[in-house]
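Asks: Chains A and B supply the protein sequences, listed in that same order.
Residue numbers 20 to 319, in our numbering, belong to the letters of the first sequence in order.
Residue numbers 20 to 319, in our numbering, belong to the letters of the second sequence in order.
Calculated directly from the structure, the hints in this document are not laboratory data.
Hints should not be assumed to be uniformly reliable.
For identical chains, the list gives no copy identity; a pair is met inside one copy or between any two copies.
Said to hold, decoys possible - Computed cross-link-like contacts, DSS-like style, restricted to lysine-lysine with a CA-CA straight-line distance of at most 30 Å:
(1) 315 x 85
(2) 315 x 72
(3) 24 x 40
(4) 103 x 24
(5) 88 x 72
(6) 207 x 85
(7) 40 x 216
(8) 315 x 24
(9) 290 x 315
(10) 103 x 207
(11) 40 x 315
(12) 24 x 72
(13) 103 x 290
2 protein chains.
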Amino acid sequence: MFPAKVWIREVGPRDGLQMEKEFIPTERKLRFINSLLEAGLQRIEVTSFVSPKAVEQLKDAESVVKLLKTKGQVEFSGLVMNEKGMERAVEAGISEVVVVISATETHSLRNGGHSIARSLQRMNRIAGIGAREGIRVRGAVAVAFGCPFEGEVPVAALDGVVAVLYDAGISQITLADTAGLASPVQVKGIMSALQKKYSNVLWGLHFHDTRGLGLANVYAGLEEGVSLFESSTGGLGGCPFIPNAAGNVATEDLVNMLHMMGIDTGIDPAKLLNAAGELEDMLGRSLSSRMLRLHKSACQ
Amino acid sequence: MFPAKVWIREVGPRDGLQMEKEFIPTERKLRFINSLLEAGLQRIEVTSFVSPKAVEQLKDAESVVKLLKTKGQVEFSGLVMNEKGMERAVEAGISEVVVVISATETHSLRNGGHSIARSLQRMNRIAGIGAREGIRVRGAVAVAFGCPFEGEVPVAALDGVVAVLYDAGISQITLADTAGLASPVQVKGIMSALQKKYSNVLWGLHFHDTRGLGLANVYAGLEEGVSLFESSTGGLGGCPFIPNAAGNVATEDLVNMLHMMGIDTGIDPAKLLNAAGELEDMLGRSLSSRMLRLHKSACQ
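In isolation and in its complexed conformation, chain A is listed as follows (with noise of 0.2 Å):
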């Protein structure tokens, strides 16, 4: 009934750090995703290619993806959100990016600046350019589970930007639940509607534990077969453009319940717990995953 084996794209050193207000130096981070690297991720969401204007975090994606020490399978991935975007990613080198589209008007205008139909346009003009360069491009649907805007996202509306993202060649697509509105029971019909419709698509969840959901809206993925899911070291993360927003589901706290489910992750736990040091150190606060926070009662 479950996948053996899951797939967890960490997305700490992007959706995690690009919160952060102070700077963190460009050999930090890659330090960070060094020790990602060595607890075993093979799927990481290393910075954005947006405009250092809208996240000052990440203005040094350049530099972190010239850093990057490729190792084996790992995929690093880039966000884009535009053809410029898709230029730098181009010039950085970076080998994968993903294309954020909202499912609603309204977080689509405040995250992106452009209407839904706009985005997709671009999207397309990024396919194009990946298809050129021999850049893979996938695809990544915001809001989906609900907007803080307009709530809830009528399924006819998400079903829209999958299908243009599938037509234009996207076959891995994350669905995100930005705002931490999804419930275990939408998550199983929404999975269920669109694996049978889109059978040849990598489907990803991407859960914020807003309202402390994260991990049984994940359970509700894999019991709809889902293998591939997107976490954040700490817990660490959030939406600059949505508010009162929460982390992502924290990595070492999903590897925890797939492993207790006998599902295989290929992640050391407590190599993972090192790297979730290592963010502690390098933000100078404590994090607060259940398992970071377990790890440390016993530690004392």
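We have chain A already, so just place chain B on it with the hints.
Replies: Relative to the frame of chain A, chain B by itself:
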């Protein structure tokens, strides 16, 4: 598939407060219980009739019970471990008690000072007193999903305890994940087996959120049709005889998930947040439930 209505038993006044070192005056405890009643909670575990040496915080058990205002269908209960506690409960005039039996010998010895067999003998005598005095006796099985001392709990061992409770005429049984070791898959397996075997028991589930799996485990229980869950306002709680114990699932997070799933609880979420605020005032510190944090950040 899911139950249309779910009962929530608030265990904050007992499981939540028992870990608090500084004694909380009885009238403050009552104020907290009253705000829970105002929020619509109809099942509340209000205290423990255990030795004040073991849990000093609850040494005012009799006073708490005597000051309770009965209100409609509300079921107040107190925890008892032995005949002496049961006699105190009778004297205090509470209408329901819960007897806790551990699923493993090591936890049984540490938590209650006796073997499982001895505890079950005492439970039988307590059930006898209950029958004579017209006090409803519920059962709870501690470390039902895993023990920090013994590791995995064989289903046969769990079933062995359940069978004795059942034979004593107990028709409400809570399985408690005292150390937060349960996984959703395990919950499904155990609840499927036990509900088939003991179809006329009202099953309750009680999860600690030690590893962040509390709500995922609730969801798995709901999928098996379980309709009673125990939780603690603010996510307070922990077992004094469990190393690095973490709190219960937070009542406000549980209510939010159930309401998002369209399941009726009879509880008013806004008034519940008031009760959580009352609890914070009482303890003089912030609590970490997601809904409380979200509420506060939204208020700022």
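Asks: Would you mind marking each hint as holding or not holding in the structure?
Replies: Right, here's what the structure says about each hint:
no.	hint	in the structure
1	315 x 85	neither (34 Å within a copy, 41 Å between copies)
2	315 x 72	between (37 Å within a copy, 29 Å between copies)
3	24 x 40	neither (36 Å within a copy, 44 Å between copies)
4	103 x 24	neither (36 Å within a copy, 52 Å between copies)
5	88 x 72	within (28 Å within a copy, 59 Å between copies)
6	207 x 85	neither (40 Å within a copy, 47 Å between copies)
7	40 x 216	neither (41 Å within a copy, 56 Å between copies)
8	315 x 24	within (28 Å within a copy, 39 Å between copies)
9	290 x 315	within (14 Å within a copy, 34 Å between copies)
10	103 x 207	neither (36 Å within a copy, 49 Å between copies)
11	40 x 315	both (26 Å within a copy, 21 Å between copies)
12	24 x 72	neither (39 Å within a copy, 49 Å between copies)
13	103 x 290	neither (37 Å within a copy, 49 Å between copies)
When held up to the earlier numbered hints, the structure conflicts with 1, 3, 4, 6, 7, 10, 12 and 13 and fits the remainder.
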